[in-house]
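One letter stands for each residue in the lines below.
Number of protein chains: 2
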Amino acid sequence: MLSPPRPLLASLLAVCCATAVLAAPAPAADLTPGLLSRAKTVRDRALLDDTGYECLRSLTTEVGPRLAGSPGDARAVAWGVAQLEHLGFRNVHPEPVRVPHWIRGEARAEITAPWPQALVVTALGGTVATPAGGVEAEVVAVGTLDELAKLPDDRIAGRIVFFTHRMQRTHDLSGYREAVPIRSRGPSEAAKRGAVAVVMRTVGTSPERFPHTGSTRDEANGPRIAGLALSNPDADLLEREIASGRPVKLRVVNTSSWADSTLSANVVGEFPGARRSHEIVLLGAHLDSWDLATGAQDDGAGVAIVIAAARLAAQMKPARTLRVVLYANEENGTSGSRAYVRRHWDELAHHVLAMESDLGAYRVLGFGTRVPVAGLDAAREVQRALEPMGIAYDGNATNAGSDVDTLGSLGVPLMSLQTDAEPYFDLHHGPNDTFDQVDPTLLRQNVAAYAMIVYLAAEIEGGFGRLPLR
Amino acid sequence: MLSPPRPLLASLLAVCCATAVLAAPAPAADLTPGLLSRAKTVRDRALLDDTGYECLRSLTTEVGPRLAGSPGDARAVAWGVAQLEHLGFRNVHPEPVRVPHWIRGEARAEITAPWPQALVVTALGGTVATPAGGVEAEVVAVGTLDELAKLPDDRIAGRIVFFTHRMQRTHDLSGYREAVPIRSRGPSEAAKRGAVAVVMRTVGTSPERFPHTGSTRDEANGPRIAGLALSNPDADLLEREIASGRPVKLRVVNTSSWADSTLSANVVGEFPGARRSHEIVLLGAHLDSWDLATGAQDDGAGVAIVIAAARLAAQMKPARTLRVVLYANEENGTSGSRAYVRRHWDELAHHVLAMESDLGAYRVLGFGTRVPVAGLDAAREVQRALEPMGIAYDGNATNAGSDVDTLGSLGVPLMSLQTDAEPYFDLHHGPNDTFDQVDPTLLRQNVAAYAMIVYLAAEIEGGFGRLPLR
Chain A
5 MLSPPRPLLA SLLAVCCATA VLAAPAPAAD LTPGLLSRAK TVRDRALLDD TGYECLRSLT
65 TEVGPRLAGS PGDARAVAWG VAQLEHLGFR NVHPEPVRVP HWIRGEARAE ITAPWPQALV
125 VTALGGTVAT PAGGVEAEVV AVGTLDELAK LPDDRIAGRI VFFTHRMQRT HDLSGYREAV
185 PIRSRGPSEA AKRGAVAVVM RTVGTSPERF PHTGSTRDEA NGPRIAGLAL SNPDADLLER
245 EIASGRPVKL RVVNTSSWAD STLSANVVGE FPGARRSHEI VLLGAHLDSW DLATGAQDDG
305 AGVAIVIAAA RLAAQMKPAR TLRVVLYANE ENGTSGSRAY VRRHWDELAH HVLAMESDLG
365 AYRVLGFGTR VPVAGLDAAR EVQRALEPMG IAYDGNATNA GSDVDTLGSL GVPLMSLQTD
425 AEPYFDLHHG PNDTFDQVDP TLLRQNVAAY AMIVYLAAEI EGGFGRLPLR
Chain B
5 MLSPPRPLLA SLLAVCCATA VLAAPAPAAD LTPGLLSRAK TVRDRALLDD TGYECLRSLT
65 TEVGPRLAGS PGDARAVAWG VAQLEHLGFR NVHPEPVRVP HWIRGEARAE ITAPWPQALV
125 VTALGGTVAT PAGGVEAEVV AVGTLDELAK LPDDRIAGRI VFFTHRMQRT HDLSGYREAV
185 PIRSRGPSEA AKRGAVAVVM RTVGTSPERF PHTGSTRDEA NGPRIAGLAL SNPDADLLER
245 EIASGRPVKL RVVNTSSWAD STLSANVVGE FPGARRSHEI VLLGAHLDSW DLATGAQDDG
305 AGVAIVIAAA RLAAQMKPAR TLRVVLYANE ENGTSGSRAY VRRHWDELAH HVLAMESDLG
365 AYRVLGFGTR VPVAGLDAAR EVQRALEPMG IAYDGNATNA GSDVDTLGSL GVPLMSLQTD
425 AEPYFDLHHG PNDTFDQVDP TLLRQNVAAY AMIVYLAAEI EGGFGRLPLR
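Top line first, the protein sequences correspond to chains A and B. Start counting the first sequence at 5; every next residue gets the next number (the working numbering). Start counting the second sequence at 5; every next residue gets the next number (the working numbering).
Rather than coming from a laboratory, the hints here were simulated on the basis of the structure. Note that this is a predicted model, so its numbers are computed, not measured. Mixed in with the good hints, there may be bad ones.
What follows is a list of derived Cβ distance ranges for each label pair [stated by the list, open to error]:
#	chain 1	residue 1	chain 2	residue 2	range
1	A	Asp176	B	Gly109	40 to 46 Å
2	B	Glu151	A	Arg384	58 to 64 Å
3	B	Asp440	A	Ala401	35 to 41 Å
4	B	Asp440	A	Arg384	43 to 49 Å
5	B	Glu151	A	Pro37	32 to 38 Å
6	A	Arg49	B	Glu391	22 to 28 Å
7	A	Arg49	B	Gln172	32 to 38 Å
8	A	Pro185	B	Glu391	52 to 58 Å
9	A	Asp176	B	His90	27 to 33 Å
Just so you know, even glycine gets a beta-carbon here, dropped at the ideal spot from N, CA and C.
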């Protein structure tokens, strides 16, 4: 969900215009009956294939949590290389990526007045420690960042700010997008007004006692305070104490820290195309995860889906190369995505399509595209092939995901599958994101849809053209 | 779920026979139309009354966790006295009860081989600490206590025993009864065979990452080792590592401890009967809870239900006294139940009925009794009054609950309402037992059923007789 930093993007754009002009003949459309039939074969095999599920079992069992920079992250990279080689990928290699290394430590919070109660909390990813021994202060409750902005300084200074906004359950990403600015900017904004810590109702829809982590972004030169998430029932409890009308005090302790940045890697593997192997269909997912669970849905499922989909599509020997990229560090700054662009700069014009899987192995509800007008006919042909799976067209302005959107900005056509976000945000970034939460039938449905799309994209005459640079 | 210790029971029985002979005229049956109509008025008022829900909001917000012997326990006793007085009960007073005082400390477990992963665990209530620094050993997996008994000593000695039994989801208590002996006796039995620690798949049905606590009972003179519960997904993970066929090692750390026993109290309050005030209908629930949550269903809901039900029934001025007993320390040894029997020994013969609420505020599925044959007609009249609420008769051999069963052994007729145990064991004894999990509509249904029963019991001519002594 993060844009690349402006200086990089500007320099890339300056160079890329020439490249873009060189690419992009006007694409043709129409799937031949033979091509459509082979795509259906790919789909039908995928619906009977458990390569993806077994891959996910292996990742969650043998690696587990894999936060960027952690020992688990290094194990994940080794796992990724071994797994791709084991499954017959070619040109398998890690591509080094410098990643930040944040260490969770321990977080605790308790209401100390009027009625003492311990709260279940988790530190937001990237947040700083409290002063040693913690901080204790009166709580000031606000709904959102806008409400915070309207409060006078003397209501905030020296207090602990409690953001009460409750994330809505939605099938698309709108509930998440509405909630996430509080996580990203809440601690920073509250610190500028003199607050001593922030607690927030979790960005997550589970009614159970799970707080969810996720990155917060302190301003580089601003004051920094600890930011913690409360589970929904704990936020309810804090609100009930506040509703008593008595002053409510919290004690918050957090011991997280930043270590030096370190090297991780994007893991890349391919099935070279049978006829136009210099043209690339890219299928990405991120290999890192948050640290509270084994990252089964976020994004182990994506890793499993793209590996299985590329492998199944490749069995039909399509013209173009199918490249899988298991990105490093999506969660804590998308440095893997930027590293990929830098390293593969010279072949960006040969990327015919990029897509990623990063919304869990839930029911696929929609198919989105971001292709030039000239490529729309071809894109709609792909959509028609998906239609029997109950996947509706979702328009040509898709947000394809935080790891491939930069490629879109640089002209590469994007496609995406929108899974049902409603169950996803019950467990996203929380302790409950474990293997048992993944439904193998739905995982196969995802593999089938991705496999069909990338197979067609690796075959369709002329591809989808080039997007205008942004 | 625990029987009273034999020595107490034997001494009570020896004295009680005489008392029992003095009581128990043959009871009559038949509800008069007037009585039935008044019982329906009680029910209908209860279905519109939120006294119970507000009582539960207050207990979970203003007191929170209240493990026997803890500061929360003392606050709960003060709360109970204040709440009963506030709601118009008479003769409100605490009755001292000596309770054990176990202190949780911190529990951690991690798989160290073949694939290192941290596990979500919780210490079983009453378990001992590991040696300082913890223990690390190879794991031996067994399903049940029977399987443990069949293993040769050399497979157990020096190892960490992992009980894999998965509790079944059942609407009655059978799933719980099957699982709970592992929690009660697993650490003790494994210790006798030389194991160095025990981990067990949680006694709980939640598929989420919640391990559940609950009491374990080390043998007085046997060796003692730490016993921890794993959440279901964590037990799954451990089983997957074991399924690899490689030796699996665990590291377990636990720092729990026992403090000196201390004084808590049963909180007692009454609505004196209008005509036969020396005859008592007892309505109990336990005021203590485990420490991982606010004990909303276990047994805050019971506390709320019996308080609200007694109050509503009392508005109709029944003949007999309605007595509410909020028992101390059900969870860690039922010492409150034994203290009540000792203190009220002389009036046990005047207890016309005892019942308790300790299965959460879920849908009421059944009505059970334990009355002498001579009292069955009257009991079935009560059941017929409940029938329009969809509550079926569940037979005359009810287990009425761990706090009142001793009264049954001593001749007091028992009744019980069996709520749906299926959702209950998702959260029972775990971190998720919070206020938001209680459905106010179902809580009112419980209050209505209890209020109707105790009102009728406080009016029915001749009561239900006396049970034979056990």
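Should the hint that Pro185/A and Glu391/B are 52 to 58 Å apart at their CB atoms be regarded as holding?
Check passed, 55 Å falls within 52 to 58 Å.
Is it true that the C-beta distance of Arg49/A to Gln172/B lies inside 32 to 38 Å, as the hint says?
For Gln172/B against Arg49/A, whose Cβ atoms are near 37 Å apart, the range 32 to 38 Å holds.
Between Asp440/B and Ala401/A, is the Cβ distance one that fits in 35 to 41 Å?
holds, 38 Å
Glu151/B and Arg384/A, beta-carbon distance inside 58 to 64 Å?
Between Glu151/B and Arg384/A, where Cβ atoms are some 60 Å apart, the hint holds.
Beta-carbon spacing of Asp176/A to Gly109/B - inside the hinted bounds 40 to 46 Å or not
holds, 45 Å
Against the range 22 to 28 Å, how does the distance between the Cβ atoms of Arg49/A and Glu391/B compare: consistent or not?
Given about 57 Å between the Cβ atoms, the range is violated.
Measuring from beta carbon to beta carbon, are Asp440/B and Arg384/A in 43 to 49 Å?
Holds: the Cβ-Cβ distance is about 46 Å, inside 43 to 49 Å.
Quick one: are Glu151/B and Pro37/A within 32 to 38 Å, going by C-beta?
violated, 60 Å
Using the beta carbons of Asp176/A and His90/B, state whether their distance is inside 27 to 33 Å or not.
violated, 48 Å
Hint check: violations occur at hints 5, 6 and 9; the rest are consistent with the structure.
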